[in-house]
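Once you have looked at the hints, place chain L on chain A.
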Amino acid sequence: MRALSPSEKRTIRYATIGILIYLALFGGFKLWKFIAHRRADYLHMVAEARQLKIETGLDADKAIVVKKMMTEFQLDPARLSTNSVVADASAAIQKAATSGGVKPGAIRESPGRASAKELATIDFEGSGPVAAVISLLHRLPLLGYPLVIDSLQITADAARPDQIKLSVKIIVLNFESWKTTEAPHA
Amino acid sequence: MREFFNPPPVFIEINPASLRVLRESGGLELPLQRAADGKLTAACRKELISALQNFLGRKNWQPRVRAICGISAHGVSLRTIALPAVAGGELESVLRLQIEKEFPLSPDELAWGWRECSNDPARREVIVAAVRKEVIEDYAAVLSEAGLNLEFTLSAFARELICPSPNEPHAILEMGRNHAELVSIENGVATSLKILPVNENLADAALKNSPAKIIFVSGDAAAQSGVLEKLSARMDCRRLEVPAGDGFSAATIGLKKSVSENIPLPRLQSKPQSSKTPFSFSWTDFTRGENRRWLTRAAVLLVLLLVLPYAEALLLKPLLGLKLASFKKQRQQFASVVEPELRFLQSLKQTQPPYLDVIYLFSQSAAPGSHLDSLTINQHGDIAIKAAMQNAQQVTDFRAKLIASGFFANITVEEQTPIQNQQRVSVRMSAQWKPSAGRAALKIGPSPEEIGKANSKTNAAAAPPAERNTKS
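Going down the list, the protein sequences come from chains A and L. My numbering numbers the first residue of the first sequence as 1 and each following residue consecutively. My numbering numbers the first residue of the second sequence as 1 and each following residue consecutively.
Bound conformation, chain A alone:
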């Protein structure tokens, strides 16, 4: 192999330096792009974490509201069972009526409308003094079951002037329906 002339050596040297510079710039650009991309991702995650922190504060507020409403209704939805809630609610209504001085009459249970998130409907009839009937109406939503009075009828008892007759239609709500329902849009 013939020896390279100084001019050829210089050309090779310059070419090598040029290639090295190109590789350094190209690699540096790639590396820079990679690091910048990672940093952008990281900043995005930091922003997401901040947003989550704000939302966690709202969650805490929601938990407080839930606790307050559970106390207000004396109701814990997590402890309710779909299978037994109608029976338990019916028993609780009768017990509340009896203990409050209302004499229970006919009681009829029928299945509720699923579309209206109802589990069952209880028709309750009874009679008793005015104060006892009013007290029962007051206590019905607070028995610890998801009860809503759909309609009520109060009539005078002709046989006993000091007493009135009460006929209420009570809906037992199906709380399981709310687990599958999306949150309503504001």
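It is worth saying that the hints were derived from the structure and are not from the lab. Ideal Cβ placement from N, Cα and C applies to all residues, glycine included. Heads up, some of the hints might be wrong.
Said to hold, decoys possible - A partial selection of chain L residues facing chain A, derived with a Cβ cut-off under 8 Å: (1) Leu314; (2) Lys317; (3) Arg331; (4) Phe334; (5) Arg343; (6) Gln352; (7) Ile359; (8) Leu372; (9) Asp373; (10) Leu375; (11) Ile377.
Stated by the list, open to error - Away from chain A, derived, C-beta distances all over 12 Å, residues of chain L: (12) Ala36; (13) Leu193; (14) Ala299; (15) Ala367.
To be verified - Result set (BS3-like, lysine-lysine): computed pairs, CA atoms no more than 30 Å apart in a straight line: (16) Lys165(A) to Lys349(L); (17) Lys401(L) to Lys165(A); (18) Lys179(A) to Lys323(L); (19) Lys329(L) to Lys179(A); (20) Lys328(L) to Lys67(A); (21) Lys328(L) to Lys53(A); (22) Lys434(L) to Lys117(A); (23) Lys453(L) to Lys165(A); (24) Lys349(L) to Lys67(A); (25) Lys33(A) to Lys317(L); (26) Lys328(L) to Lys62(A); (27) Lys62(A) to Lys329(L); (28) Lys117(A) to Lys349(L); (29) Lys443(L) to Lys68(A); (30) Lys349(L) to Lys179(A); (31) Lys453(L) to Lys95(A); (32) Lys323(L) to Lys62(A).
Okay, now just chain L, sitting in the frame of chain A:
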């Protein structure tokens, strides 16, 4: 490029009759003309400035050149001062007090510097060199105008640096044309400084004023006057070899050595060092070790500043990702429990019809003697009532009160029929309550007084008959 922004320092020896400047590239020697008071003449100043500017070749935008100047011993006093053991920060103030005591002038009127000469922590001794402030200021004014950034010391201290260091005490005799400087050195520290006239008795005077047995002689006139021979005959006398050429002297070479080997020399300063040091271009001289260290620290900090945000992203991203994922999962679990419960309870609250409010309003609005036959209400707010009242006016009043309550959207008397020979009126009415938004602002329900009254009545009714009689 570094020299372009940080020109190399120059080393200057100022004698009574001449000024020597030494730089890496060469040297310069200029004669000095002094007035009767010892200050430089105006013409001499002008020439000096012009010559130095030409020699330095500094552009106006370039930083000032650092200059280490050694002044001659004329007018300089050297004292050894013993100091009590004090903390480092208080040393300067204690020293000022001692200078006030030892020197005829106050420290503010002097340019002074010091160097510790004993290593005994219990008894500190320092050598203080001081000269009238005007001497330094006179030189400083000229040299500053030439573009120099000045530091002053004693030439005698610089000469000591080029002596081959014998352990024994020695002396250095710098011979000028008219005067000679004799400095005695013990343990590497100058202990006395004398100005001697150059005459035939110089050798005797040198022997008389220095107890040292070794003497180093320097200066241009050393070879001419025969002093070297006279001293050699009586003691160990050696010549300090200095290269020939402009700017070269024992002092300038010593000053150069102090910079290159970073050997500190006592600096003569006319003001105490302020805590607020103004900017000096000597800070940009990165040949100085200290400046280099600061530059390295600054560079490291700058690199950290640029790199840390990216390093944070590279290092912490996986960790943050894991934490975020775990947190999102927990939040989802939480939401899957709380959200339905919240919606359910809110719905339950909103769907509770205000039956008791309706009954309360009817009871409040009905006149005494009214008889309720039936009341029907449903969840949608439809109300139907059938009652018997004493007359038509009571029906009107009843209806008016219900309207005034603001609770009902409409109230209709569907049928009103007199019964029992016009003694009573049978009435059938229907009503519709307002939507929940319309009822929200209303205050309905028994007041606290009414509740208290009702409770007392209930208690009285529940009490046994005997007890009731006792109470009445």
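Going down the list of hints, with the structure as the test:
1. Interface restraint check for Leu314(L): the shortest CB-CB distance to chain A comes to about 6 Å, inside 8 Å, so the restraint holds.
2. Among the interface hints, the one on Lys317(L) holds; its C-beta lies about 5 Å from the nearest C-beta in chain A, closer than the 8 Å criterion.
3. Taking 8 Å as the C-beta contact cut-off toward chain A, the hint placing Arg331(L) at the interface holds, the least distance being around 7 Å.
4. For Phe334(L), the shortest C-beta to C-beta distance to chain A is roughly 6 Å, which falls under 8 Å, so the interface hint holds.
5. At its closest, the beta carbon of Arg343(L) sits 5 Å from a beta carbon of chain A; the interface hint therefore holds under the 8 Å criterion.
6. Contact between Gln352(L) and chain A, as hinted, is supported at the beta carbon level, the nearest pair being about 6 Å apart and thus within 8 Å.
7. Look at Ile359(L): its Cβ gets to within about 7 Å of chain A, closer than 8 Å, so that hint holds up.
8. Below 8 Å, beta-carbon pairs count as interface contacts, and Leu372(L) has one with chain A at about 6 Å; its hint therefore holds.
9. Because the beta carbon of Asp373(L) sits about 5 Å from the nearest beta carbon in chain A, less than 8 Å, this interface hint is met.
10. Annotation: interface hint on Leu375(L) holds; nearest CB of chain A at approximately 4 Å, less than 8 Å.
11. A hinted interface residue such as Ile377(L) counts as satisfied when its beta carbon comes closer than 8 Å to some beta carbon of chain A; here the least separation is about 6 Å, so the hint holds.
12. Every beta carbon of chain A lies more than 12 Å from that of Ala36(L), the smallest distance being close to 69 Å; the non-interface claim holds.
13. Taking the minimum C-beta to C-beta distance to chain A, about 61 Å, the non-interface status of Leu193(L) holds against the 12 Å cut.
14. Separation of Ala299(L) from chain A is adequate, the least Cβ-Cβ distance of about 20 Å exceeding the 12 Å criterion.
15. Residue-level check passed: Ala367(L) sits 17 Å from the nearest beta carbon of chain A, beyond 12 Å.
16. For a cut-off of 30 Å, the pair hint linking Lys165(A) to Lys349(L) stands: about 27 Å separates their Cα positions.
17. Of the pairs offered as hints, the one joining Lys401(L) and Lys165(A) holds, with about 26 Å between alpha carbons and a cut-off of 30 Å not exceeded.
18. Annotation: proposed proximity of Lys179(A) to Lys323(L) holds, straight-line Cα distance about 27 Å (limit 30 Å).
19. Proximity of Lys329(L) to Lys179(A) is assessed by CA-CA distance (about 18 Å); at most 30 Å being required, the pair is judged to hold.
20. Under the criterion of a C-alpha separation no larger than 30 Å, the hint pairing Lys328(L) with Lys67(A) is consistent with the structure, at around 23 Å.
21. Note on Lys328(L) and Lys53(A): the hinted pairing holds, with a Cα-Cα distance of about 11 Å set against a maximum of 30 Å.
22. Restraint check for Lys434(L) and Lys117(A): satisfied, since their Cα atoms lie roughly 24 Å apart, inside the 30 Å limit.
23. For the proposed pair Lys453(L) and Lys165(A), the alpha carbon gap of about 25 Å is at most 30 Å, so the pair holds.
24. For the suggested pair Lys349(L) and Lys67(A), the alpha carbons sit about 14 Å apart, so the restraint of at most 30 Å is met.
25. Note on Lys33(A) and Lys317(L): the hinted pairing holds, with a Cα-Cα distance of about 16 Å set against a maximum of 30 Å.
26. Note on Lys328(L) and Lys62(A): the hinted pairing holds, with a Cα-Cα distance of about 17 Å set against a maximum of 30 Å.
27. Of the supplied pair hints, the one linking Lys62(A) and Lys329(L) holds, its CA atoms being roughly 18 Å apart against a limit of 30 Å.
28. The suggested pairing of Lys117(A) with Lys349(L) holds, with an alpha-carbon distance near 15 Å, which does not exceed 30 Å.
29. Pair hint Lys443(L) plus Lys68(A) holds up; C-alpha atoms about 22 Å apart against a cutoff of 30 Å.
30. Annotation: proposed proximity of Lys349(L) to Lys179(A) holds, straight-line Cα distance about 17 Å (limit 30 Å).
31. In summary, the hint linking Lys453(L) to Lys95(A) is supported, as the alpha carbons are separated by about 28 Å, within the 30 Å threshold.
32. For the hint linking Lys323(L) to Lys62(A), the alpha-carbon distance of about 23 Å falls within 30 Å, and the restraint holds.
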